[in-house]
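**Q** Chain residues, written in single-letter form:
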Amino acid sequence: MTKDKQGVSGVSPGPLVSRVPAPPADATIKNICCEYCPVACGYKAYLWPVGTEGGAKADENALSIDYPAFLQSGNWPSPTMFNTVTFEGKPHNVIVIPDGDSEVGNIGGTHSVRGGSIAQKLYNPQTPTADRLQMPLLRVRGTLQPISWDAATDIVAEVSKHVIENHGELAWGMKRYSYQFYENVYAVTKLALGAIGSPNHAPHHAPADGDDVPGLSDTGIDAFGSAYEDDREADVLFISGSDPYETKTVRFTTWMAVGGATMIYVDPRRTFSAAFAESRGGLHLQINPGTDTALYGAIARVILDNGWEDSEFIADYIASSGEVAAEGKWRRVQFGQSFDDFKSYITSEPAFALEEAARITGVPAEKITQTAELMTGGGAAERPKLSIRFEKGLYWSHNYENTAAIGNLGLVTGSIGSVGRSTSRLGGHQRGGQSGASYPLDKSPHEFEGHKVEMDQDRWVVQGNTRFMWAIGTNWIGASACSQQISDSLRQLIQETDPQVTTADTAVAIEQLKQRVDNGGMVFVHQEIYPNDTTEFADLVLPAAAWGEEDFARNSAERRLRIYEKISDPPGEARPDWKIVAEVAQKMGFDGFDWADSNEIFEEASERSRGGRRDYAALVEKARAEGKRGHDLLREFGTQGLQTPLTLEGGELVETPRLHADLKFKTDSGKANFVRADWSAVNARNEILGPEGDELWITNMRVNHYWNNLSDFTRRPYTFQRYPVNFIEINPQDAESKGIESGDMVSIDSNRVINQLGQQVTGGFTAVAYITDIVPPGLASAYFHFPRQPANSVVSADTSLQPLNLRYQFKLGRGKITRIGPTELAERMSFAPRNIV
Amino acid sequence: MKCSECGRIWHVGGDKCPTCTAFSEEYLREQASAAASEAEGPDSSGEVTAGRGFSRRDFLIGAVGGGAAASVAILVPVALTEWIDDDGGDGAPPDDGGSPAVVVATFRRTKIASLSDLTPGEPLDFEYPLEGQSNFVVKLGAPAHGGVGEEGDIVAFSYACTHMGCPLNGLYKDEHRILGPCSCHYTTFDLTRGGLVVLGQATENLPQITLALDGDDLYATGVMGLIFGYRDNLADGTPVEVTA
Ligand code: SF4
Ligand code: FES
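Chains as they are written, first to last, in the numbering used here: chain P, 7 to 843; chain U, 1204 to 1447.
I should point out that these hints are in silico values taken from the structure, not numbers from a laboratory.
Honestly, I wouldn't trust all of these hints.
[What the hints assert, rightly or not] Computed footprint of chain P on chain U; a stretch qualifies when at least three of its residues, placed anywhere within it, have a C-beta under 8 angstroms from a C-beta of chain P:
hint: 1; segment: 1382-1393
hint: 2; segment: 1398-1406
hint: 3; segment: 1432-1444
Cβ coordinates follow ideal geometry from the N, Cα and C atoms, glycine included.
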């Protein structure tokens, strides 16, 4: 008999681990939250030195459980919750586990697979995290080579100064996450928007800065005003363009599903959430892509025709046309509507008539009527408590009109400001966007009808106007529409424009990079935790330290502020973003960047939070009064944290469970207004963007197992086994006509992608076919941000189609699908249905 | 792993202690038991199962898209898992290409059912390896990872959802060969793919009970993965009575 020891090392950690040690009773316990979706579940980390372990009795282990743990005890560490890290310079075992004592958010320690496996995010050189970036790297003769931090920040500072002096601030760009921790976002924006003052600045998911839900904001409703409690207490939940089970899991399992609300779920895909809604007496409105404005207009029309609107609310809290005209914000003046204006538009637009809307949206007329009735009670004496929720399926389509249309539904039904009655986003990521300076809109080169709008950074790059670009915490290429145009432009401006760096001698390298800038090229700095598609174009790579590697703070989607404590040393020389930026800023000669630690930034940033939904200035004031640091006072509130905005009353902190409780709105008058959601503008765009002939709509989605660009998840064998390559859902009817079976590799191509300059170009990506009735015929759906297989390459990138607010229409790609051939994934991946209830 | 010399415990890397380089207690135990079973031969030891499809490839996660994610050993199970060449002499179908079988040395082989009692698509329940650890065996009607029998379609799994432990009894869906959705948070497991999560929140595949078939007798021989609630499948409980 031959022994095959190799077999053991080929074993994945997920399925085969059959032992997880208990943390000893004296383990160090830290407060942290999940890093991923906006629910921001509370977690505990148990750290103890390698070489010891706890016992099976509650008093022998720090989890305080008697093994075996009871079901639903919320304190059982599964194999993926365990890891080994270096902490304070010494090897430690660590269990990162949902907080079983939590009474908010993830009550009782519930969690999703994303957060539940987060211990595997921590750097451990024996795991696939071994390729974390650990030293600054400079591309010398085409190869990224380690250099020192001092040299790296010299290069960034010197080239930046040169670009700003010789080519102006607009040539200096920053592309960055908007979701990171307060301390990091504050520091990087203080430099980019404040000290440097460049409008060449955009978040990870859009080509321009600015509001993601401008139509809703123009109604006066805050996008994050609700509390999770409202999901549970609502009688009716109207959910549009978000799959809460797969993407906001605990909000679904612990709040929405538990409360027993009737769910009305709007999505072109028949997801698990859709099937769940129907199985519990709700509705799935399986809408045609790009037609939300017509659907919500039609629902409003049924409500108005029947007199089912909330007349009292409307009479008291909706602005008159005179009040709207007196508003300071031009968009509100231009598109805002009094109730009468709204009513006359809704009842006169032919697309909102029931039968026509049914034809446009694909939603049967009776379902539209039934929806209007469910949302309002259909004239019953007591109106049901309605909460309206939405996310990117809505606003990554027709941004302004769709977000206005859904805000209008909130107002016409009076769904705002009390328990169970609210209108808000579900959120895409956690809320860390505390900027350190205001966006310098006056410097933007882009306008709409004489009004400045935020600068389209991608267009500016493609036009060759950007000479220095600093991307922080994002895979820019995969995250942009028409991804291939961004990589083509980067290649041309960076790699095909001379000179290239030929030596790591810092002074020479700086001169060479300055010369390239003056030759019309670009210098590109990528700051990341792992290399990704975008890193291939970087001149300089800066290794970042992130979640769990520094004390940070952040808000959840219900504005719950918590501390995220350090539970591991960063790998190698990786540094938190704030520290990198502070060093560059100081070398550039700017004041106000000499922070000693992240807490100093947290305290400073509280000043700029004043008056907003994340106002935590009261916390810092109280901390100072008690002689404490801001982070330390926040730590005392554990994983429960505090719901912002905070105020101080008699020395005590007072939280705000929900916004608009006083029925005051974010307008000059304090009253809300309806907003014109113009169907004709949407319809014209659909005609430009829609599929023709044998093209399909190619939309994109998120999935339960993954979060965002997979930087963690490709390195997490347990979760990555689920979808080892990008996959595309294809309806059986479409698959049959092309001879495609589940497990086949397919190519999705389009020769009608509109690039950032309005030109027609080609694009495409591959994916493994997953044949399913989740998608209807004529629509296929791929994971939105898979490395190397960018679904966004078939999405048009011409923001002049939406000139009001420069957003990509990621949900509206199109292309043809061709079978490439069979793969072994047919045997390895599961193609079982994902929408069985 | 625990060091046989200095007592250090580690969970990553090989059989040797990262501190003093002595072998782990587990490794030494494994060596001893392997030597014993080699002396006796597979038939007499009764510890051999030929699980269909437990090829090394099945556990190479991320080999296609993962880049760095491929084939890195992270945690070595304490319950000894070892790969041997199989001669197919125990009533299971001959393995294609000599794919390795599994021996889980510390688990005790226990009869759980008779093949003739199995109705396709209908789970039969049993407890293993400890009392109260509730499992089922089912004939799926399609080849499955780790399946035994002529069609390689007989598999057994734990009933405890690896998300938060809710019982999955009664949730087998024969049409799709899935178990679930769990009534607590809706996790669904694919029984043809080693208990992989189709959709849901469990942070571990559903533990699969390794099986051996000897004539009409179906034996449980081990567990792949950690059963919900436990720190070790064989600790903190009473072993079930072994039936031959
Ligand atoms: S639901 Fe969201 S926040 Fe909670 S564990 Fe999952 S990914 Fe993390
Ligand atoms: S316990 Fe089964 S899904 Fe949560």
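**Q** Evaluate each hint against the coordinates.
**A** These are the hints, each one checked on the structure:
no. : hint      : in the structure
1   : 1382-1393 : holds (count 7)
2   : 1398-1406 : holds (count 9)
3   : 1432-1444 : holds (count 8)
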